[in-house]
Structure formats: C-alpha cells, structure tokens
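Trainee: Place chain B on chain A using the hints.
Going down the list, the protein sequences come from chains A and B.
Heads up: the first sequence begins at -15 in this note's numbering, then just goes up one per residue.
Heads up: the second sequence begins at -15 in this note's numbering, then just goes up one per residue.
Any given hint could turn out to be false.
Since the list gives no way to pick out one identical chain from another, each pair is judged satisfied if it fits inside one copy or across any two copies.
[To be verified] DSS-like mimics (lysine-lysine), calculated; alpha carbons at most 30 Å apart, straight line: (1) Lys134 to Lys24; (2) Lys69 to Lys(-10); (3) Lys(-10) to Lys146; (4) Lys157 to Lys142; (5) Lys52 to Lys146; (6) Lys146 to Lys69; (7) Lys162 to Lys134; (8) Lys69 to Lys157; (9) Lys64 to Lys(-7); (10) Lys157 to Lys79; (11) Lys58 to Lys142; (12) Lys157 to Lys134; (13) Lys134 to Lys79; (14) Lys(-7) to Lys146; (15) Lys157 to Lys58; (16) Lys171 to Lys93; (17) Lys134 to Lys171; (18) Lys(-10) to Lys134; (19) Lys79 to Lys142; (20) Lys146 to Lys157; (21) Lys146 to Lys79; (22) Lys157 to Lys52; (23) Lys134 to Lys93; (24) Lys142 to Lys(-7); (25) Lys24 to Lys79; (26) Lys16 to Lys134; (27) Lys162 to Lys(-10); (28) Lys64 to Lys134.
No lab work stands behind these hints, which were simulated from the structure alone.
Residue strings, one per chain:
2 protein chains.
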Amino acid sequence: MDAVTKIHKEVQSILSDSRGSHDLDHTERVLKLALHIGEKEGADLTIITLAALLHDIGRNCEDDSNGKICHAEKGAELAKTLLEKHGFDQVMIEKITHCIKTHRFRNNKHPQSIEAKVLFDADKLDSIGAVGIGRAFLFAGEVGAILHNKDSDIPNTKPYTKDDSAYREYMLKLRYVKQRIMTDEGKRLAESRHEFMVEFFNRLNREVDGEI
Amino acid sequence: MDAVTKIHKEVQSILSDSRGSHDLDHTERVLKLALHIGEKEGADLTIITLAALLHDIGRNCEDDSNGKICHAEKGAELAKTLLEKHGFDQVMIEKITHCIKTHRFRNNKHPQSIEAKVLFDADKLDSIGAVGIGRAFLFAGEVGAILHNKDSDIPNTKPYTKDDSAYREYMLKLRYVKQRIMTDEGKRLAESRHEFMVEFFNRLNREVDGEI
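Isolated chain A, as found in the complex (with noise of 0.2 Å):
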C-alpha cells in the first residue's frame, strides 16, 4: 500500500466520526472536484489528492474549540506531522500546508499555488448547487431551523434557531460564493451550479406561494 492509500484510510478513521456538512463524505467529494479540476488546470495531482484529504481534519478541533481554534491553521500543523511520519519532504509538506492553510473562506491566508487555488475552489463548490441546496437544508434540520420564510429579516435573522433557514444560508452566503471562485475550470463549473441554485430558490419561492 503506497503512502497516499495508507494516508486515506487514516483520514477515513480521523473523519469517521464527523457528521454534518463537514463529514467524510464532504472530503471524499471534494477530492473529486479537487482532481477534476486540478487536470484541468494541470496542478500537482499528488499535492492535491494529500490536501483534499487532509484539509478538514483540523475540524473536530475547531468545533471542540466554539470557533476559537481555526482549523485550516489546525489542520495544516496536523497534516504535517502526519506527512512527516509518512516519510514525505519538507518542500512537498511545504507546498501540501499551503493548500490547506488557505483554503478557508473567512481566512485573510489566500492560495498562492494552483494546487491551493484548486483546493479552495473544489470545497467552495460543494457548498452551491444541488449539493449545496441539499447541506443547506440538512444544516438547517440539524439545528431544527424552519424549511423555509422568504419574508423573515434575513440580515437580522440568527443562526443556529428555529428562525434559521437554508434561504438564510443562500441569502447570507451561498449566492455569493460564485464571485470568489479562482480557476477557469471552477468557474464554470461554479457558473453551472450558481444558476441552478438561484433557479431552485426562486422556484421554491413561487411554489410557496402557491403559484407553480
């Protein structure tokens, strides 16, 4: 077993207890866009299977943590002692840290790499169209939030209550995301995804409303 397999069953074991929108499944599709996009572009396949793998591990921390610890930083100091144990260099952990330091929306750290453009993108779209419209209600469930309240004060509205909704989400943050895609291939990727959601929310909309 190379060391990247080995690597991923360990992610699988280290994610197999989280649950919600950042769970396994979120890395494994991530990895996938990560790759699909990164051909495209013609990044470093290796740099970017290990930091997909590896960019939310830092996650548990952060939620143990109520925000304080960020786990892209977190992430990133696990990864590498993770990549270290696995005989990797200096410079590849150098390169694979990156990815994952910067990946986070919020973060003022922004991707230098194509690979850490790539892993930016590649998460980023995962949280817009259909599966993005599907996590938004999830989350919301989750938190047993409402389906749904075009009319509430949405910049006034808090997370995390029954009042939240994934309209909230979309309103807030989701139809936004598109504007910060980095590579060609992720915009139109994000291009595609972008109009469906936009189209699913104004459907939902006339279809609370009675009218379709």
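Mentor: Chain B only, in chain A's frame:
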C-alpha cells in the same frame, strides 16, 4: 371576525408547537395550493379552506401514539367537534370531514368529492418540487441522516437512521407521487414539480461524482 377566520387562528394555536415536515407552514402552503386548484376546478372554496386548515390537526396524536392512531381519522373527529362549536351544520361538517378523512396517502378511504380530491392533491404536491426537496433534506437533518448515498441499498436502508437520506425518500416515494394526483390542475402542477425534482436528483448524483 367570521367563523373561518376564528378557526384559522385556532389552528395556528393548535399547530404552533408542531415542528418539521408537518408544521403550521405546511398547512398554510397546502391551504394556498388547495385554493389555487379549487378555484380552477370549480370547487366550494369554504369547504376547501376549512378542510385544508384542519387536515393535520390530528398529527400530534399520531406522533404521540407512535403511528397507532391515524392522523386523518383523528383529525376528522377533532374537526367535527371544532366545527360544531362554531355552529356549522351537519351537512357541511360531513363534507369537510370527508376531505380530512381521505387526504392520507396510505389510507383505504379514497376522496370522492371534488373538494376532497383538491385537498389530497394540494397535500401531495407539497411533498414534491423544490418544497419537497427542501422538506426531504430538512427531515434527513432532523433524524441525523446523511446528505447522500446513491449507491446505498435503497429498499433495505432503514428510515430514521444515519444511513437514511433524502434520496431514499425520493427513490421509494416522492418520484411516484405524480401518478396519484387526481385533478387536472393538480396534474399540471405535479408535472412541473416532478420534472424539477427529477432534474435535481440527477444533478445531485452527477455533482457528487465530481462531473459537474
């Protein structure tokens, strides 16, 4: 305040602690849809309004009895008492409770009057289309289910477990809803909601595979 407005307020109070896929919002959406369809079908809109408002007031009894009590039967009983209190005559009460008794998908009692068919359609239409997709994921989130697994053994997946999913609900139930719709206007609405739902789940599968 007329009797219908008074009953509307009473229903808002009865359903105020209902959560999830059969909350007050569901009843309000069914009311809007039933009025839209009822108007096109030339049905009695007072019967429709009262039947739609009252159709799920037996839900809590079904939930509390772990499904032993049928919410449609119980709802009709509760509705009878409530309508008598507000001075409706027995002929009218019989027409309204017939709608409530027969609105359930799995019931042996089938809608006979046009008003009962309209309520049946409105209730079923709220489980497909963009609303149906949102409700399926919201419910999955509430029971701690996963986002998606198209390769799972759908017929043998257990509901209300983490291996449950919105896709399971779609494969086993939602994609067949269209065939049960009874009125012409209901069929027209179902066609468009069904098509959008099929497009959504096809797209979800392709996105999850990293293709689009």
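Trainee: Tell me, which hint numbers fail for this structure?
Mentor: Hint check: 6, 8, 13, 19, 21, 23, 27, 28 fail, others pass.
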